[in-house]
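**Q** Sequence:
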Amino acid sequence: MAIVLDLDLDFFVWPTVRGPVEGRPPDEEHTCATPDQVRSFLEDQCNLSRDRRVPGCFCRKHDEAFDVWKRWGAEKTLELPFEVAHVDAHSDLSFGDASWSYVLETVLSLPPGERSNPERGYNRLNEGSYLTFAIANRWISRLIFVAPVSRWAKFSRKPPGTVRGLPSDLNVFLFKNSSLRSGAIQLRQINRDLCVKLMSGEPFTPLSIEREVPFSSVPAPEFSVSGITKIVLAHSEEYCPPKSDVLIDVVREYFFDS
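Under numbering that gives the first Met the number 0, the sequence shown has 220 at position 221, and the numbering climbs by one with no breaks.
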């Protein structure tokens, strides 16, 4: 099965910018990984090589990944469904807006083959929700969320189990039985009345239930993956200080445009 490395440049920035700022985050307030640290992460933890580059795509904003995956699927250059290693400072699972309700109420009401042209914008498909829409399209078979947990100046590999807990921006409404500890995302089709029950924690019977997508969250120092077949790199400049831009060319050493 194909494995896509879905990498956002803000993964290499500390501290995490939790909302877009006016312009760019200031250099003096952030620490970025060095080029050597980026290469070490990609080679030692992602098992990539500059001598064996894989197909990939550079995106200005991360929701463009949705369009890239749609194109690759249509071209038959990416087998659907595929696994995603989402290496990012943010979950991009509809946390912070109401895009999740649009997915559960509207997108899931459509046949699977008609879900790939959703509305774009706030409370719709955007940088912070595109993974939810990809899951609703049944493109993703497994999702691993890899988040930074320490200042890059002090980053080092650690034995498994040294960092615990879940990221703070996971959307409980997307998870099986509304439990972040369930180990699976499972989207449930609802209408407006059922949405009210979901938000209030009342029991309800969904109109339909999507298949489970196994989910795990792994702190960056503990992450390891082999067999990556595609790479998406997102700039997300509103979350990255200007000094991080030099890392774009470093990551691009590991993939060719496809």
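It is worth saying that the hints were derived from the structure and are not from the lab. A hint or two may mislead.
When the alpha-carbon atoms are kept at most 27 Å apart in a straight line, the in silico DSSO-like pairs for lysine-lysine are as follows [to be verified]:
#: 1; residue 1: Lys196; residue 2: Lys60
#: 2; residue 1: Lys75; residue 2: Lys60
#: 3; residue 1: Lys153; residue 2: Lys175
#: 4; residue 1: Lys69; residue 2: Lys153
#: 5; residue 1: Lys242; residue 2: Lys153
**Q** Each hint should be assessed against the structure and marked as holding or not.
**A** Going down the list of hints, with the structure as the test:
1. Lys196 / Lys60: violated, 34 Å
2. Lys75 / Lys60: holds, 24 Å
3. Lys153 / Lys175: Roughly 36 Å separates the two Cα atoms, so the pair is violated.
4. Lys69 / Lys153: violated, 38 Å
5. Lys242 / Lys153: holds, 18 Å
When held up to the earlier numbered hints, the structure conflicts with 1, 3 and 4 and fits the remainder.
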